[in-house]
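S.K.: Here is how the chains run, residue by residue.
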Amino acid sequence: MINVLLFAQLKDELGKETVSIEGNGMSVAQLKGKMKVDFQLEGLETVMTAVNEEFADDDTILSDGDTVAFIPPVSGG
Amino acid sequence: MINVLLFAQLKDELGKETVSIEGNGMSVAQLKGKMKVDFQLEGLETVMTAVNEEFADDDTILSDGDTVAFIPPVSGG
Amino acid sequence: MNYNISKEPIVIQEVIDKVVSRNAGAVTTFIGTVREMTKGKKTLFLIYEAYVPMANKKLEQIGAEIKERWPDAETAITHRVGKLEITDIAVVIAVSTPHRNDAYEANRYAIERIKEIVPIWKKEHWEDGETWVGNQLETVPYPSGKPEEGDIDD
Amino acid sequence: MNYNISKEPIVIQEVIDKVVSRNAGAVTTFIGTVREMTKGKKTLFLIYEAYVPMANKKLEQIGAEIKERWPDAETAITHRVGKLEITDIAVVIAVSTPHRNDAYEANRYAIERIKEIVPIWKKEHWEDGETWVGNQLETVPYPSGKPEEGDIDD
Chain A
1 MINVLLFAQL
11 KDELGKETVS
21 IEGNGMSVAQ
31 LKGKMKVDFQ
41 LEGLETVMTA
51 VNEEFADDDT
61 ILSDGDTVAF
71 IPPVSGG
Chain B
1 MINVLLFAQL
11 KDELGKETVS
21 IEGNGMSVAQ
31 LKGKMKVDFQ
41 LEGLETVMTA
51 VNEEFADDDT
61 ILSDGDTVAF
71 IPPVSGG
Chain C
1 MNYNISKEPI
11 VIQEVIDKVV
21 SRNAGAVTTF
31 IGTVREMTKG
41 KKTLFLIYEA
51 YVPMANKKLE
61 QIGAEIKERW
71 PDAETAITHR
81 VGKLEITDIA
91 VVIAVSTPHR
101 NDAYEANRYA
111 IERIKEIVPI
121 WKKEHWEDGE
131 TWVGNQLETV
141 PYPSGKPEEG
151 DIDD
Chain D
1 MNYNISKEPI
11 VIQEVIDKVV
21 SRNAGAVTTF
31 IGTVREMTKG
41 KKTLFLIYEA
51 YVPMANKKLE
61 QIGAEIKERW
71 PDAETAITHR
81 VGKLEITDIA
91 VVIAVSTPHR
101 NDAYEANRYA
111 IERIKEIVPI
121 WKKEHWEDGE
131 TWVGNQLETV
141 PYPSGKPEEG
151 DIDD
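Residue numbers (our numbering), protein chains in the order written: chain A, 1 to 77; chain B, 1 to 77; chain C, 1 to 154; chain D, 1 to 154.
Since the hints were made in silico from the structure, they are not lab data. In this text the structure is predicted, and so the values were computed from the model without any measurement. Watch out, some of these pointers could steer you wrong.
Claimed, not checked - With a straight-line Cα cutoff of 25 Å, these simulated SDA-like cross-link-like pairs (lysine to any residue) come out:
1. D/Lys83 <-> D/Thr131
2. C/Lys39 <-> C/Asp102
3. B/Lys16 <-> D/Val20
4. C/Lys18 <-> D/Val20
5. C/Lys41 <-> D/Asn23
6. C/Lys42 <-> D/Lys18
As the list claims (entries may be wrong) - Anything over 10 Å on all C-beta distances counts as not near chain C; from chain D, calculated:
7. Lys18
8. Pro53
9. Ala64
10. Ser96
11. Arg100
Glycine included, each C-beta is placed from N, C-alpha and C at the ideal position.
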């Protein structure tokens, strides 16, 4: 299972901050596609992705136990 | 009388921080010349002068009651 | 710990104390506070949220980037999360260096990088609604799905 | 009073408090501290001396110059005089503005102007002697007998 974390508007949209997804072997892009279909989650095209707390490309391949965070445009400071 | 204030190396050189000089009608340049002769005070060529707490030119004319400060290169901050 | 995400109000002096050293002649701080008016709109309060473990790592990364560019610099950053009122402090960045120019430049580098790579979000609450603020740099956000390579590795 | 010459240790927070406002989103501070090593030479302590009434006026003038260039800026400056040990604070400059770039630039402007026009002098005490430090800007000092017109009136 992939542990998916959501923040800011994505968290509000989904109504929760974490979901577990069957996604061993998927790419980040495929995971985004699945999230869009399963949860009608919009706006994933414009977010960054972190895998295990490091920024990652859309073609990064995921393994069971990975933590994926979708990171909307940041606004700290 | 002109009230003359000395700071930093000028004060150390003269051994005091204020002197009163007979100087009504003198220019700042003339006052500097007099200080050099009367007190063997060196280095007045490279200092700024303030008259009554504002920077002033060498040709500023002094009047009794004025306060003249000789201001070596500053080093605050 | 020089890099922190804090739920408690930030004490500026504590952040400064982390960077004072016998060889520093200059300390600059940047203090980001909650401003009431933005483009004519009145903010009531803000909520800051962070992906805390990653935000800590990214603050540390910014410190490492500064060390690479300004080897004599010492840096400390604390960013607040939770509800903040007008004039509350959202972030404090302190940088010490032997000479002042570096202290200004390294500090400014830090705030720019925070706005690029640290996973922290701000929700503005106005009189007539609320919204998550993004894209403060006013660039198109991450068209490639992640920050530019330069932003991550640089 | 936003502009002070102080015989007592400077409390950074007190200087910052003077510039915090509901319309400021950014506060920068510059904190000048006594550095131990300068070009391989070890400083034991410093004495700062000021022509106090004129120094106060010149700090106020710097504040007015900032206000002219950055109308939304609020500025406060405190400079210490007397004996200072290594790491002691010689000067604190705090500037608040709505947006961060101005806060950095106005702050930097203030420290450069202090080094040009405020009558304060520093005597360095080393292991092997002492000297009044001048000419920190590393220019020929005042060949005309006063600062350039631009420095005084600008």
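S.K.: Going back to the hint list, which numbers does this structure go against?
M.R.: 2, 3, 10 and 11
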